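Based on the hints, put chains X and Y with the ligands in the right spot on chain W.
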Amino acid sequence: MEPTIDRSPDVADEIKTTTCYMCACRCGIRVFLKNGDVRYIEGNRDHPVNKGVLCGKGSAGIMQHYAPSRLTAPLKRVGERGSGDYEEISWEEALSLATEWLGEVRSTDPRKLALFTGRDQSQALTGWWASQFGTPNFAAHGGFCSVNMAAGGLYTFGGSFWEFGEPDWEKTEYFLLFGVAEDHASNPIKMGLGKLKERGVKVAAVNPVRSGYGAIADEWIGIKPGTDGLFVAALIHELFEARTVDLDYLVRYTNAPWLVIQAPGTADDGLFARDDEGNPLVHDSTSGALKSGLLPDVAPALNGEFELADGKKAVPVFQLMAERYASGVYSPERVAAQTGVPAEDIRRIARELAEAAFEKEIVLDVEWTDWAGRTHDKMIGRPVSMHAMRGISAHSNGFNTCRLIHLLQILLGSIDCPGGFRYKPPYPKAIPPHLKPAGKLGEVAPDTPLPGAPLGFVEGPEDLLVDEAGEPLRIDKAYSWDAPVAAHGLMHMVLNNAAKKDPYGIDVLLMYMANMSWNSSMNVPGVIKYLTDKEEDGSYTIPKIIYSDAYFSEMVPYADLILPDTTYLERWDCISLLDRPISEPDGPADSIRQPVVTPDRDVRPFQDVMIDLGSRLKLPGFTNEDGSAKYPGGYPDYIVNHERTPGVGPLAGWRGEDGESFGKGAPNPDQLERYIENGCFHKHHLEDHQLYFKHANKGYLEWAQSVGFIGSADPVVFQLYSEPLQKFRLAAQGHGAQLPPKHHRRRIEMFFDPLPFWYAPFEGASLDESDFPMHAITQRPMHMYHSWGSQNAWLRQITAQNKLFMNRERAEQMDLADNDWVWIYSHIGRVKAQIALMEGVNPHTVWTWNAIGKRKGTWGLDNDAPEATKGFLLNHLISELLPERDGGYRYSNSDPITGQAAWYDLRVKIEKAEGDAAEESLPRFEPLHRPNQKPRPDELEFGAQFRETPL
Amino acid sequence: MHPAYSVIFFTTASGAGYGVLSLTAIGIISGLVKRDMTFGLVAFGIALGLITAGLLSSTAHLGRPERAWRAFSQWRSSWLSREGVMAVATYVPAGLLAILWIFTGAPGSAATSFEVVLALLAVIGSIITLYCTGMIYASLRTIRHWNLSIVPINYVVFGLMTGAVLFGFLLHLFGESIEGFFWITALLLAGGLAMKTLYWMHVDAAKPISTAENATGLGHIGKVRPFEAAHSTKNFVMREMGYEIARKHVMRLRNLTYLLAFGLPLLGTLATIVGGTVMSLFGSFFALATIAVGIFIERWLFFAEAEHVVNVYYGAEAA
Amino acid sequence: MTTLPETTQKKLGLVIDLDTCVGCQACVTSCKEWNTGGYSAPLTDQDPYGADPHGTWLNRVHAYEVGDGAKSQAVHFPRSCLHCEEPDCVTVCPTGASYKREEDGIVLVNPDTCIGCKLCSWACPYGAREYDYKVGVMRKCTLCVDRIYNDNLPEEDRVPACVRACPTGARHFGDVADPQSDVSKLVADREGYDLMADFGYKPQNKYLPPRPKRNGSGVQAIETSDEPTTKAHQTPGSALEKLFSWADQKLSR
Ligand SMILES: Nc1nc2c(c(=O)[nH]1)N[C@H]1C(S)=C(S)[C@@H](COP(=O)(O)OP(=O)(O)OC[C@H]3O[C@@H](n4cnc5c(=O)[nH]c(N)nc54)[C@H](O)[C@@H]3O)O[C@H]1N2
Ligand SMILES: Nc1nc2c(c(=O)[nH]1)N[C@H]1C(S)=C(S)[C@@H](COP(=O)(O)OP(=O)(O)OC[C@H]3O[C@@H](n4cnc5c(=O)[nH]c(N)nc54)[C@H](O)[C@@H]3O)O[C@H]1N2
Ligand code: SF4
Ligand code: SF4
Ligand code: SF4
Ligand code: SF4
Ligand code: SF4
Ligand SMILES: [Mo]
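Chains as they are written, first to last, in our numbering: chain W, 1 to 951; chain X, 1 to 319; chain Y, 1 to 253.
Treat the hints as calculated values from the structure; they're not laboratory data. Model, not experiment: these values are computed from the prediction. Backbone N, C-alpha and C fix where the C-beta goes; we use that ideal spot for every residue, glycine too. Among the hints, a few may not be true.
[As the list claims (entries may be wrong)] Keeping only pairs whose Cα atoms sit at most 30 Å apart, straight-line, the calculated DSS-like set for lysine-lysine is:
#1 Lys856(W) with Lys134(Y)
#2 Lys934(W) with Lys234(X)
#3 Lys360(W) with Lys250(Y)
[Claimed, not checked] A short list of chain W residues far from chain Y (calculated; beta carbon distances all over 10 Å):
#4 Lys16
#5 Asp268
#6 Asn303
#7 Arg334
#8 Glu344
#9 Gly452
#10 Gly538
#11 Leu617
#12 Ser661
#13 Gln733
#14 Ala737
#15 Arg745
#16 Phe751
#17 His827
#18 Pro927
Only chain W is shown next, with the shape it has when bound in the complex:
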């Protein structure tokens, strides 16, 4: 007799929607609650991001929320930094102490506050807070993350890979994936790949390692790290060779026909020829005259040399492109050896791309009107799509390589067309977006806000943040000649620069959600030194460090004042169109987090704390005339009532008294309720005629302007040739008012090329390759989010140790076997690790899973946890500085244009760890001591509380 079982047990007392934050993908979730405990978390089917699915991390949220590593109360350091000697203090004491420290800085020299934030999504708030405070020294983690992708895209086509666009998963016929293991769009990419698989669309993965997405790709191109630029340029070369370039698209949407002045040695060499109104000129072949390239009905020439009014010669951008890419330099044969991709494969892939774009052309019978008012009865699609991320961006040639990939997409006519790569509103924006970084000389003064936002987009030397001598004004040297286009700042340089007082010392370092003494820093031993460096008088060189974390990470013990945050299930959050929105190509979307459980600890949401501090400091944006707090209700109050510009606030949905307007509208007191009713998100659906060609689609552009996404409805003309870059180059050649200091000139002139090109990554180029023959890179495990995953009792069972993966054949030549222990040497140090052999990795490359290695004593783990005894970080081997260059000056190990950290330039040598028998990774740092760490359970029986019958 079969036992009868309960087929319909109760699943929850209550189900609340909110937004997942086990990673930055920000999926919608439904949290099942049973007598106050979190019983289950599932994906929200209605949500635009994940449409119901949930990834491996999101499904382990429960163990994050209940992790013993959670901080429990504000802490004030009483011992030395790193000692872990703290006393618990009240929030009142914590906040008044912070206010005292910050107030002093603000009334003397606001620059001496450096406010840097990590993986958060409240940069709209923190950035605003910084400018209200008056310090230019603000950035989020983008500088060490993927600013190369953001900038590469925004300076080329007004959108970007990263989070501002995605492939047309439903329609694309060919998908090329560069350097992605997981990416921010964790679930959307997986869902997208699933769709491609269903339709049998070819997926090709360009990656030194074949895992995850690469495993299911039809083709794996095991390229040598740092050489994608060559590979892509060779594809472009082939498109020119085969005449498979969408000329009409180029003429319609790009600056290919614009005339470029050819006058070497003069101040306007390489700039666009312009008419008196400043419009770029083209040569109209019908009239034979030079006309504004912005006029609708010209038939511009794509080649030929034309004389300008002043007698100077000018040629179209297309001609310069052809000269560069069609020439032999980038022929498949030339690049095959360096990239490790056989010439015939490059040819074939170029053919396949062209075939998909032109022979599988998509025609939608959707009428739309272009920017010039011309209506078209069809939308023509070139169904080739691409996506790229840190495999491209985390190299010192990432900006140029990213631009090359965009060139490839544009030559195929595949940007924002059916089947191509689609913008996510509020993108596209002007190229670059009209937002200049604030913080120039004179713009920073005691007790005064900045005139604008600290981060923005420079269009020439005049926009840099440098002093008369051309030296940096920002602590991270962003927007200086070190990294002129540092649109996201250089968070990875802050500790180094502050400790060396180069360009100057700071007084308070306020950090949020960034494990800077560990996995988010280069040269970890160095960073730990910077954090603990002292002056003669025994005071710390970085005098005061305030840090907000939710868990006991490696960074916590190095802060002087710790502001414990809640978990993502315990707070309000706002994923805003002003920040990194969750939009989809078919419409802008934003969302919120609502508290679904109440904290059982003395912790506060960081955003509430910032708003509180803002009013305690009497920052204009946070205080009323009468000096009272502007947002007494904390973050939710701010989310609803804050207006960045009249009618535009953090949330775009349900604005206006009646709650009926989108984008612009008066604050709506019921806004949060409306979001919650709708599953904690809002999505506006574009009309069919607005769905594609947004960069030149009148219907879309005018609407986008009306809701405040863009300043004007002018078309976004793709900048294949980037004039801003040429302006920097001219300055390096001695033209213009703002000139780079001598020692910067060679570098600026060399790398600021208006047409993207490939150059060898710096670390490899500056070392003797025979000393460090291998490339070393990392990958994100799909089930782990940076350092957070290891505190999760479920996730760490899947990966508690990371190994160094090596090519089997290569390893056997070095007679290394599976599970051997090896020394990994870089030019700054060595790390001992255990190896694992595999087939699917480029023979010149070794790799490991990112951020699995942990420091003893952290994350609520025992000291003998495998993460600490066998796991390791490559970060110890990555130098934050390049070897000395001309004049002894050391540049940061970054892209010369954007300042993006070049993590994957790392070169290493592998040697068997003979002699030392201990099967433990090295180096091992002193265990970190946690104040009043609660005893950890040695067994977990989560879920027992939900049983109907007792065990």
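Relative to the frame of chain W, chains X and Y with the ligands by itself:
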């Protein structure tokens, strides 16, 4: 397979117990064992004691010992259940026989016909129980080292064999002498040795049940190698079924088994043939001492050597 | 009760697409998350924050590399109970705690009668059963029997947690006995197969093999014409001149 001591002790101890029980009972039936209270107490005491100790220790490796009684329910399909049922069933004739044999009848008097019936049942019960124990392992298609018809036979033989050695020692201890009993012991030892040799020949010849290629169904593409483990620390399956022992280690232990479980006991037994009382006592004790260790090693190896097919999912090329 | 049902009305199971699985572990953690509070509650974890963390999971995802060097490929391989039609894991059970449901063919362990003898796990060639060291009973995939019929869940959510979560859609759930079911069709189209078919347990779960790669090395390479390249060389002059005159022609058209 992970060699669990509770299970090793259970199978060896109850094995010997059933051996002693059977031989005592046979002795009673055949009239070779004279009715004698002390000897009866000792023989039955040791037999039933070992059986009981074994069965109890077998429950020690249960997650829920308090539910052990449930194990009697599935005799229709489960050898483990059958074993349980048989073990309990055998207590009845064995217990009754013991009581009657020890506490009734004049010393030296022959067995009553009822006692003979009980004795017969006890012998049959013991042998079937031993067989069931063997079948628990022999019925597992997942483990080629066990899934052999010889396995249950070995369990029976080894039970009687170890029982015989123990029984022989008791005889000498109590100065009881059964004409030529040592020949039976020697025969069982020789037989046991032969069976074990046969067994090892079998398992060494037996070809793997499956390969990584076959188990994943990916063999048509090529050789299958693990890339990323499903978990970086061992899970239950690896702990329970992933036990690995080096071949040379196996060989050493096999020889040790030959020596301790068969060779030396045989030697001791033969000593009892030639030797006088003292020598015989010593010889039989020597046999007992050595076989006790030997059979433990034999049983440990029986588990340690056994490869579970599931290992092909965990990196084994074949199993 | 441990003797197997003659037949079952349905054969519910999972169909797993090895061509689509990226190894993200969503099915693994969502399974753990649902089931640690469900029919099998709790699925305990030992040494969760220590040197040797291990716990009870009902679904695991392995990653394999198949073939050598350039010809190799990587395959992610989810593995849970296959709900076999004739599995010894049921018949060896001495208590009847391990049984196969007559209604849908789901193989279950009754946590209230299991004595934790582990014999069933020995009888499973697929390693699908995991012993719960704390509770002392055997655990296994329940095919989310507490979801698939659950009136407290909306219709569309009455599927296993792992299927509900899987971001790539590599996991499918249905009745493999019904030739008209989506899963049966999928199995037919994609030549779905049984794991260790020769072993004879007749799994209800099926696996869809990886599709052949299209990487040019194989026959499957996308066929394209070199035709444009030849066109390129009809006009006179240097390579660049040719390119430009082609552009002019094209645009003047
Ligand atoms: N070798 C190598 N190094 C790398 C990378 C690489 O690929 N290879 N990647 C780089 C990149 S792109 C990035 S973005 C960085 C990421 O590295 P980090 O910016 O350090 O990000 P995490 O390690 O995810 O977490 C930072 C901190 O956020 C804390 N935290 C988590 N949740 C909360 C919360 O709700 N509130 C608060 N206040 N804190 C919270 C965590 O406890 C942790 O201490 O790593 C960089 N470092
Ligand atoms: N699960 C999970 N998801 C995450 C994160 C996480 O920690 N875990 N982190 C989030 C963050 S902060 C970020 S920035 C994104 C990053 O998302 P990804 O871009 O996927 O970041 P990585 O894991 O660094 O992947 C880099 C990939 O590029 C490859 N690669 C390295 N060098 C080269 C090269 O020269 N050329 C090519 N073609 N490939 C190369 C590596 O092998 C790796 O596969 O992921 C986000 N999403
Ligand atoms: S991808 Fe996963 S972890 Fe990230 S937000 Fe979505 S569900 Fe959460
Ligand atoms: S959730 Fe889907 S894609 Fe992810 S591992 Fe499981 S089956 Fe594979
Ligand atoms: S997979 Fe294993 S546990 Fe599941 S039914 Fe088949 S044999 Fe039994
Ligand atoms: S462990 Fe439980 S389910 Fe498995 S055989 Fe033993 S009693 Fe049956
Ligand atoms: S069906 Fe349910 S129990 Fe089985 S693997 Fe999927 S989630 Fe786990
Ligand atoms: Mo990042």
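| message | Hint compliance check: list the failing hint numbers for this structure, sorted ascending. | response | 6, 8
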